[in-house]
Structure formats: structure tokens, C-alpha cells
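Trainee: Chain by chain, the residues run as shown.
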Amino acid sequence: MIVRIMGEGQWRLPDDKLDQLNEVDAALERAVSTNDEDGFRTSFAALLDLVRGHGQRVPDNELHDSDAILPPGDSTLAEMRELISGDGLIAG
Amino acid sequence: MSIFKRMSTIFKAKANTALDKAEDPRETLDYSYQKQLELLQKVRRGVADVATSRKRVELQASQLQSQSQKLHDQAQKALSMGREDLAREALTRKSGLQGQIDDLTAQHAQLQGEEEKLTLASQRLQAKVESFRTRKETIKATYTAAEAQTRINEAFSGISEEMSDVGLAVQRAEDKTQQMQARAGAIDELLASGALDDATGTSKDNITLELERMSSNSDVESELEALRSQLGTGSEPPKQLSQDAATPAQPIQQPVAEPVRPQDGDVR
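Residue numbers (the working numbering), protein chains in the order written: chain F, 1184 to 1275; chain C, 14 to 281.
Take the hints with a grain of salt, since some may be wrong.
What the hints assert, rightly or not - Here are the simulated SDA-like pairs of lysine to any residue, each with C-alpha atoms no more than 25 Å apart in a straight line:
{"hint": "1", "chain 1": "C", "residue 1": "130", "chain 2": "F", "residue 2": "1224"}
{"hint": "2", "chain 1": "C", "residue 1": "27", "chain 2": "F", "residue 2": "1258"}
{"hint": "3", "chain 1": "C", "residue 1": "18", "chain 2": "F", "residue 2": "1262"}
No lab work stands behind these hints, which were simulated from the structure alone.
My request is simple: use the sequences and hints to build the entire structure.
Mentor: Take a look at the structure:
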């Protein structure tokens, strides 16, 4: 699958990482919905590491849409909330 | 819903809305290409803007740094003149500046990070726009309505995602730069007002004044001394004022007016 980290580009991740990915993603989701700042930082960092560490960069001249998209690596919890609410932060 | 999926759903929704607007899909390609070029321009401007801010912060930091060095020198000078109070005052101001210098250093690092990120984003976007252009021309050349829509959608969603991403990156960089510019403006005003030269707010830095007064006194003294010894070459008169301590080599010294005569003669 192809994962984008906003502001950094896209990675191609082997399918066998999917379970691991979903696990961290679920932890992140929990942290965001309960407004847990520490949990957010830990799980978001883990997610980013997973993608950067196990993925292969998609070359710049290839055009693919991503199967999953992650907010910029330096996002705060508040920014993350705003991003996933879809209210205008992402220009069309 | 998972963070992953929510984000990409939002992106795809945006891409689809844009696609739905066009009647002939081929128009969408050209229109999108225009948008891509505009965005590319915007990112490049963004890189330039961030670089400008970075340079401004650099300049300010070096101004504050030299201000701090000046205070350090003043403290040293004051101490060598036995004025611990003045030295203390100078060092206190210096430590006040240090906070601002640290702040600027942090801002500088942040701006440098933004600049690098945007530069990379602009390179990525440029490569993708180029791919899109090639693909667009191929699609248009071999256009058959039946297959076109799918291929257009593919090309379009790939670039659209990149554009959303870069668009947001530019926006974030702009926000950060703007915040820093406001602070940089405040520091510029401080520097211009001279308030950093003088924390007490009086028109001239009182440490400088005091040191100047003290050192001009001692300058006057040492210049006087120099003049005296100049005039004194060959004859002895300049020792006159301080002679008591200093004339072992001149056994016979007239203490009073006599030596002054030749001195006047020298000067003429």
C-alpha cells in the first residue's frame, strides 16, 4: 500500500505491515478522540517511524494516489483534529 | 474511523468535486495543469519568503550578538577601572539580551527547517507536474471516451493529492513565517529605538557615558603625559609636575621655573 506523510512525500509499504499499521493507527485514533496529548505524541511518532522505517520512497515523478494519508510529522494534537475534521484546511 | 482513512477520504472527496465540475474530461486535464503550474509558482515564492525571513532573523541575531559583546567589553573595562557596579549593570543587560538571542536562534532553526521542507516539496511537485503533463498529452492524443475517464481519474487523483499536500505545506510555512515576522518586527523596533543600548530608557546609555567619562579622563591624563615626554626630549622640564618620584638619572634638577624656558622655546 502507498502511504503519504504530508509535507514529506509517499512511501510504499509491504502488505504484511498492515496489521502493525492498523494497531498503531487505532492507538492514535484513541488518543485523538480522548484528547490525550501524551498518547497522541507516542502513537503518532510510532506511526511515522513505521512508515519511514519500513516503507520505500515513491519516486517523485510517479503519480499515485495514496491508500492512506498522514498529517505533517510536526502536527500538534489540535492541528490533527482540525485536519481530520476536513474543514477547509486542505485546499482542493 | 481511523486517522489514515479519514484523511484520504477527505483528499479523495476534494479531487472528485474538482473532477465533477468539468463537462469534457479533457478540459479538466488542462485546467488542472494550469492549477499545478500556479501552485508550483506559489511554492517557489513560499521558499523565497521563508528565506527572506530567515535572513532577517540572522541579521537580528548578529546585531544582538554584537550588542551583547559590547556589553561584555564594557563590563570588562568597568571592572578594570574598579567600577564593579557598572560592570554588574552591563552584565545584567547582557543576560537580558541572551534570552532574545536564544529565541532568535530557535526561530532560525525552525525557519531553516521550513525552508528545507518547502524546497523538497517544490522539487517533488515539479517532478509530478512534469509526469502529469506527459500523461495528459498521451491521454489527449489517444482519447477515446470509453477509457479516458478512468485514466484521467488516475492521473488526476495522483496529482491532486500532491497539490493538496503542497498547498497545506505552503500555508503552514506562511503561518509560521508571519508569526515570526511579527516578533522580528518588534525586535527591529527595539533595535531602532536604541532601547537595547540603554535599558534604563535615558537618551544615552549610562554605562557608556560613565565609561567614556572615566576613560576620557584617563585619556587626557595619558595624552598629557605623552606631550610632556615629547617636549621633554633633550631637556628635563616635563618632569616638573611629577618629578619627585621620577628623576634618579638627573642628579641636578632645578625644581622651579628654570627648565620651563627651553620648553617654551621648543614649542615656539
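Trainee: Could you run down the list of hints and mark each one as holding or not?
Mentor: Right, here's what the structure says about each hint:
For the hint pairing residue 130 of chain C with residue 1224 of chain F, the CA-to-CA distance comes to about 21 Å; that is within 25 Å, so the pair holds. Proposed proximity of residue 27 of chain C and residue 1258 of chain F is supported: the alpha carbons are some 21 Å apart, at most 25 Å. For the hint pairing residue 18 of chain C with residue 1262 of chain F, the CA-to-CA distance comes to about 17 Å; that is within 25 Å, so the pair holds.
The structure is consistent with each of the numbered hints, conforming to all of them.
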